[in-house]
Amino acid sequence: MTFNGWFQIALFGAVVLALVKPLGGYMTRVFTGERTLLSPLVEPVERGLYRFAGIDRDQEQHWLAYAGAMLLFHAFGFLVLYALLRVQDLLPFNPAGQAAVAPDLAFNIAASFVTNTNWQSYGGETTLSYLSQMLGLTHQNFLSAATGIALSIALVRGFSRASAKTVGSFWVDLTRTTLYLLLPLCIVYTLFLVSQGIPQTLGPYLDVTTLEGGRQTLALGPVASQVAIKMLGTNGGGFFNANAAHPFENPTALSNFVQMVSIFAIGAALTNVFGRMVGDDRQGWAILGAMGALFLTGIAVVYAAESAGSPVLNALHLSGGNMEGKEVRFGIVASALFAVVTTAASCGAVNAMHDSFTALGGMIPLINMELGEVIVGGVGAGLYGMLVFVIVTIFVAGLMVGRTPEYLGKKIEGREVKMAMLAILCLPLMMLGFTALATVVAAGLAGPANAGPHGFSEILYAYTSAAANNGSAFGGLTANTAFYNTTLAIGMLFGRFFVIVPALAIAGSLAAKKTLPASAGTFPTHGGLFVGLLVGVILIVGGLTFFPALALGPIVEHLAGAAGQTFGTGG
Amino acid sequence: MTRPSSSSLFSAALVGPALVGSVKKLDPRAMIRNPVMFVVEVVAILTTILFARDLATGAPDLAFSGQIILWLWFTLVFANFAEALAEGRGKAQAASLRRTRTETSAKRLRGNGADYETVPATALRVGDVVLVETGDIIPSDGEVIEGVASVNEAAITGESAPVIRESGGDRSAVTGGTQVLSDRIRVRISAASGSTFVDRMIALVEGASRAKTPNEIALNILLAGLTLIFVFAVASIPSFASYAGGAIPLIVLVALFVTLIPTTIGALLSAIGIAGMDRLVRFNVLAMSGRAVEAAGDVDTLLLDKTGTITLGNRQATEFRPVHGVSEQDLADAAQLASLADETLEGRSIVVLAKDRYGIRARDMASLNATFVPFTAQSRMSGVDLDGSSIRKGAVDSIVASVGQPPMASRGSNAAIAYKPSADSLEMREVQSIAEEIAKAGGTPLAVARDGRLLGVIYLKDIVKGGIRERFAELRRMGIRTVMITGDNPMTAAAIAAEAGVDDFLAQATPEDKLALIRKEQAQGKLVAMCGDGTNDAPALAQADVGVAMNTGTVAAREAGNMVDLDSDPTKLIEIVGIGKQLLMTRGALTTFSIANDVAKYFAIIPAMFLGLYPQLQALNVMGLASPQSAILSAIIFNALIIVALIPLALRGVTYRAVGAGALLRRNLLVYGLGGLVVPFLGIKAIDLAVTALHLA
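The listed protein sequences correspond, in order, to chains R and B.
Numbering of the first sequence is given in UniProt numbering, commencing with residue 1 and proceeding in unit increments.
Numbering of the second sequence is given in UniProt numbering, commencing with residue 1 and proceeding in unit increments.
These are computed hints drawn from the structure, not numbers from a lab.
Lysine to aspartate or glutamate pairs mimicking EDC-like chemistry, simulated, CA-CA at most 20 Å apart:
#1 R/LYS418 to B/GLU216
#2 B/LYS440 to B/GLU499
#3 R/LYS514 to B/GLU521
#4 B/LYS465 to B/ASP504
#5 B/LYS212 to R/GLU413
Simulated coverage check for chain R against chain B, where a stretch passes if three residues somewhere in it have a Cβ under 8 Å from a Cβ of chain B:
#6 393 to 403
#7 519 to 525
#8 547 to 553
From the three backbone atoms N, C-alpha and C, an ideal C-beta is built for every residue, glycine too.
Looking at chain R on its own, in the form it has when it is part of the complex:
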């Protein structure tokens, strides 16, 4: 570890923090329907869209209607994307002549992009046409991200409203998020990325002669526009197979830094939106504080583990950190930071191969996802995931001040606890359940590239990434099989919608409640004590469940490695 390394981490944190208030303020105005800087430009378009779709922008929805609209919208999006992939060979913008996508892979891709996961069982440049990338994936990148943000705002409204029947309009939230937030930011961001050297073209792949005289095909395409939204919207699906490790997706140190910041920007700012909307900024900062504490612990462990390098190699007097699977141009700290950021948020873009991290370095991304990606998290998803944990925390510990639990003046009762537990239960069921299945059936056992604990980690990582809607891959797992494509897709769909719908139910039930004024007897939820408590509950309720699995994966791998034992290849 070096001073320079820690400085980069500190700078990253400072830039993200500096963005929280301005972005949060702007987003609050967008979601409360106020005029913004962009209104003169965007409002006519917004009106036009409502008129075209027959939406009354003042017509708010009950949470059930909101959930219904969201599910219907995604079912439609899912079918369109699936169909598009299945017939891409017949459609234009296919200069590389990609064939139609196989049914199981198309199912997996559709599930993956609709759920904001962007798990990729395929290599983009060898599988998809430009049309599929742009109309199918980039389009879903926008809408799945906008949905996450809309949902989190609906939940925030549950806290900020009193005795209300409605939680907002899904159509309006979706439209405003896209028009006022994602599109403008992405346009600017895309131009920046182009300036850094990322291609943005509809032209065909280039055949070039290398310096040694060999011939090589350079894959190109409308890359910059997709990279912009894949980061901002925490989608993570790369244009190329190598994702952000590819020089055309992430060419410079600056682009790497900005990409990391853009993963956290909206998620972190949403905590500020939360604070503003409930009328107490400190509440937002407390939540961000809990996220920050978990994040800093994570990066410290990964950076330390990667800097220390492999104990097996160290024993052979090969000193130095672990550079396997990392881009030399990024080095250890930028790779470690990227890995923690991308798994803390549900982005899943990678600039290094997590499979090649040290056992402990690879364990932190795994834990980040197992906690439900509440450390900043996916845009929107991180906030509502965190609020679900807040509800559990308040319920467990709130009684200790001698009152029935309440948060921000809302009584937390049976219904909220039931929905919060449903949302929390879904993740271990998908992650552990499918891992348990894959580790005993032949189709599952055929996947991992390594034997022993590392192979186990590869399987566990895949299902964890899918259910948490992260989409990053540990690598090493051969996932483009009917078994993995199908089970991972199911994991993604459950991991998304079985969290969203309970969260919306909580929003509806909270909005209908009265808001109690705070008093000296009210559980304080803005201080360090609460932050510590929240972190504790997240680790114990969210994390301990995975202790047996982690013990058999990265922990034992680390202990064995320290003792000089390796497990070879398997699969």
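Model the placement of chain B on the given structure of chain R, informed by the hints.
Okay, now just chain B, sitting in the frame of chain R:
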């Protein structure tokens, strides 16, 4: 908080029946009410069956699995024991109540109202009218419709001094099981046999009719959810182990599962609820439901009647304020004479003040040849007539009006003709300004006049109860707003409110005002507690979230409230809030403790469980437990014993201190959160040492 000392928790008389009860409660039909412990029971039954099979076929490690199974059953028995013990404490109280109820007969009046038939109390129906005479036990709850009687209510209140029950007014309710000591009353029965006050009290303290409160239901959902999470965590292990090339014995998986699920709070939850109810009963307050006790902890606003709660019931003379030209001594002398025969507490206080401050000794009415003129609602004054002179004291406006007329004693005599009333004489204005000053300061002015001449004003002061100011400060720290309810005018009310330190007051309050105030507070989302006794309090009692009816009150008030204070002490509202908070805190503290325990249990069992697969995992055995088997056994023994160890805390409750929520949270988090993390590490290690020493594993 003061409360009557409770009997020893583990007295032999309670423990014996509780042990029997805890085995009886193993019946799965009873167990299913508690989801966490029901799951443990299902697991225990299945493993016992498998154990029996293994015993027949002969399998390795039978001694080990036998011990684990034994401790599973112990866990269940300990959980039941906690509940049975809590119920037992209530039952002991109920038993004495029940004795009063047996074999009562009633004198039911026939339609003509003149003669009666003797029927068993159990045959009475609502609406029947019974005659209760000296020595009779009142057969059922009801309302006195005719007569006055002194009644011994020791059976329900424990207070042996008899109380007066009379028809009409606010003291008309009688309770079945209490005894008439003198006189006779006619009582209209208001509760059928089996649903009387005493019946409900018995059912509640025994825990028989205890419905789960909303918070308990929600907590059970959380515990069930956590249990399900650990089902996933444990059920996936066999596959993981098989991938690693081994297998985990079922009994070890069972041990991990049972130690991880929140058995501690699951086992103690109902005991905590019963004990909370029990604490109220010991405090001579009867809650009609557990929901009411929970609500008491949540109260945001307390409505307190001024008289009897904030101030002593009577006012006292504290000062004589003469008008210009009259000495204090003269005024004191006149006031004392006017009060000599006044037997009211206020009158006495005037005599006492005159003696204490001006050395005016009591005089004999007869020797002075004085005649007492008693207070009447019409004249609103009282006094004495002596030797052609008359002294009056009373409400300022009445006295002032009276000096505008000929003096009473000389009315009709010639002197009256010479009397020249002056509508706004100097004295009148002076008296009125003094009176206003006193009222502003929260006192009650009494004007004194002799022979039509105003002498001055007696300052009667409402005496705020000692220590009440501190109580209100305490409540404020708890985040509770206090509102004083009084019939006084706003000026007086404001002064007393300031002196007592209440946050707000409602002056010249009518029952409608009270109800409106409660609704207004509730509209803001606040929970309101109040106490009351009169029939006109009933709507407000019913509207309040916690309505404490005084036992001396009317049937209507008692029906409307959700708690009854058997001592009829309105100050108790403050303690009731404390008991509610204590109940909730105990529940929260033990939940936190239970969940925090899991960390140590994981570290005990996970390395032990996987050691056969990966010997490297020995590094996770941070407690240095002797062997995998002893580690697993120690964890499950700790899991069972911690239930027993926490029973006293569950029954007595976590101490509540009236500090802010932040300080309370910090303290409880330190004790029960951090304690919950650390204690099991130490406990499991200690048990492991014992297990190893005894060669149990």
